[in-house]
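*Asks:* Chain by chain, the residues:
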Amino acid sequence: DAGVIQSPRHEVTEMGQEVTLRCKPISGHDYLFWYRQTMMRGLELLIYFNNNVPIDDSGMPEDRFSAKMPNASFSTLKIQPSEPRDSAVYFCASSSTSLGVYEQYFGPGTRLTVT
Amino acid sequence: DAKTTQPTSMDCAEGRAANLPCNHSTISGNEYVYWYRQIHSQGPQYIIHGLKNNETNEMASLIITEDRKSSTLILPHATLRDTAVYYCIVGPFSSGSARQLTFGSGTQLTVLP
Numbered sequence: 001d002a003g004v005i006q007s008p009r010h011e012v013t014e015m016g017q018e019v020t021l022r023c024k025p026i027s028g029h030d031y032l033f034w035y036r037q038t039m040m041r042g043l044e045l046l047i048y049f050n051n052n053v054p055i056d057d058s059g060m061p062e063d064r065f066s067a068k069m070p071n072a073s074f075s076t077l078k079i080q081p082s083e084p085r086d087s088a089v090y091f092c093a094s095s096s097t098s099l100g101v102y103e104q105y106f107g108p109g110t111r112l113t114v115t
Numbered sequence: 001d002a003k004t005t006q007p008t009s010m011d012c013a014e015g016r017a018a019n020l021p022c023n024h025s026t027i028s029g030n031e032y033v034y035w036y037r038q039i040h041s042q043g044p045q046y047i048i049h050g051l052k053n054n055e056t057n058e059m060a061s062l063i064i065t066e067d068r069k070s071s072t073l074i075l076p077h078a079t080l081r082d083t084a085v086y087y088c089i090v091g092p093f094s095s096g097s098a099r100q101l102t103f104g105s106g107t108q109l110t111v112l113p
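Taken in sequence, the protein lines are chains A and B.
All residue numbers for the first sequence refer to my numbering, where the first residue is 1 and numbers rise by one.
All residue numbers for the second sequence refer to my numbering, where the first residue is 1 and numbers rise by one.
In short, the hints are calculated from the structure, not lab data.
Careful: at least some of the hints might be erroneous.
[As the list claims (entries may be wrong)] Under the rule of at most 20 Å between Cα atoms (straight-line distance), these lysine to any residue pairs were calculated in the SDA-like manner:
no., chain 1, residue 1, chain 2, residue 2
1, B, 52, A, 100
2, B, 69, B, 31
3, B, 3, A, 41
4, B, 3, A, 103
5, B, 3, A, 44
6, A, 68, A, 26
7, A, 68, A, 44
8, A, 68, A, 53
9, B, 52, B, 23
10, A, 68, A, 41
11, A, 24, B, 46
12, B, 52, A, 26
13, B, 3, A, 68
14, B, 69, B, 8
15, B, 52, A, 99
16, B, 69, B, 19
17, A, 24, A, 74
18, A, 78, A, 17
19, B, 3, B, 32
20, B, 3, A, 43
21, A, 24, B, 42
22, A, 24, B, 3
[Claimed, not checked] Covered stretches of chain B (chain A as the covering partner; in silico rule of three or more C-beta atoms under 8 Å from a C-beta of chain A):
no., stretch
23, 3–12
24, 21–33
25, 82–94
[What the hints assert, rightly or not] Stretch by stretch, here's where chain B covers chain A in the computed footprint (C-beta under 8 Å, at least three residues):
no., stretch
26, 39–47
27, 97–107
As the structure is a prediction and not an experimental result, all values here were calculated from the model.
We put the CB at the ideal spot given by N, CA and C, even for glycine.
Bound-form chain A, shown alone:
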């Protein structure tokens, strides 16, 4: 298995622009998580899906952030409009019910820089 795939790996954009991050989970996994990591705040869970349905989005910072999972093999995290404070590494992770909620497999991340 190729593991969790994320694109792009790096994104540099100007404040106010729309940013879309993409994730392909491991085939057969029914949980998908979006995290953000910064030096100041560490690893933060933004939202997670179970069977393509958003379950908990309480970590989404504000309305500028939105996430979708149209099918079991694809998810997007969109930021519109982007701000410099959104600069971080965004990770997607997947898991399955049979593995338990703490056994998660992470993608390589997308390093976002907003200038």
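The hints should help you fit chain B onto chain A, whose structure is shown.
*Replies:* Only chain B this time, still in chain A's reference frame:
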């Protein structure tokens, strides 16, 4: 979830075993011990987990004390690529809702040539 305590940093010679300790004295009966690591500029990587029996996989071994208040992650033959921050986490196997992986400060393991 129970709190964990790990040393801030450790060094290990390449080819030798790396033994990383973790204290979790308030662990409850249904909580598992999980280990992750994060190599610089990469995503966190799941290593292993266990409840009370010792566990081994292709990456590492996990030794949990009989009272379950502490555990040790063992990398049997450390390589330079094992240099990373290692995190010990305690939590239930399943939950009514998925839990955020909360990494503490972890142990910075440096494998020396």
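*Asks:* Now tell me if each hint is right for this structure.
*Replies:* Cross-check of the supplied hints:
1. 52/B / 100/A: 16 Å, holds
2. 69/B / 31/B: 11 Å, holds
3. 3/B / 41/A: 18 Å, holds
4. 3/B / 103/A: 18 Å, holds
5. 3/B / 44/A: Holds. Residue 3/B to residue 44/A sits at ~18 Å (cutoff 20 Å).
6. 68/A / 26/A: Holds, at about 17 Å.
7. 68/A / 44/A: 18 Å, holds
8. 68/A / 53/A: 9 Å, holds
9. 52/B / 23/B: 14 Å, holds
10. 68/A / 41/A: 24 Å, violated
11. 24/A / 46/B: 18 Å, holds
12. 52/B / 26/A: 29 Å, violated
13. 3/B / 68/A: 33 Å, violated
14. 69/B / 8/B: 19 Å, holds
15. 52/B / 99/A: 17 Å, holds
16. 69/B / 19/B: 16 Å, holds
17. 24/A / 74/A: OK: residue 24/A and residue 74/A at ~5 Å, within 20 Å.
18. 78/A / 17/A: 11 Å, holds
19. 3/B / 32/B: 12 Å, holds
20. 3/B / 43/A: Judged against 20 Å, a Cα distance of about 17 Å means the pair holds.
21. 24/A / 42/B: Judged against 20 Å, a Cα distance of about 17 Å means the pair holds.
22. 24/A / 3/B: Roughly 32 Å separates the two Cα atoms, so the pair is violated.
23. 3–12: Per the Cβ count (0), the hint is violated.
24. 21–33: Violated - the stretch 21–33 of chain B has 1 residues with a Cβ nearer than 8 Å to chain A, which falls short of three.
25. 82–94: Contact hint for the stretch 82–94 of chain B vs chain A: holds, 5 residues under 8 Å.
26. 39–47: Coverage by chain B holds for the stretch 39–47 of chain A (4 residues, Cβ < 8 Å).
27. 97–107: With 9 residues closer than 8 Å to chain B, the stretch 97–107 of chain A meets the three-residue bar; holds.
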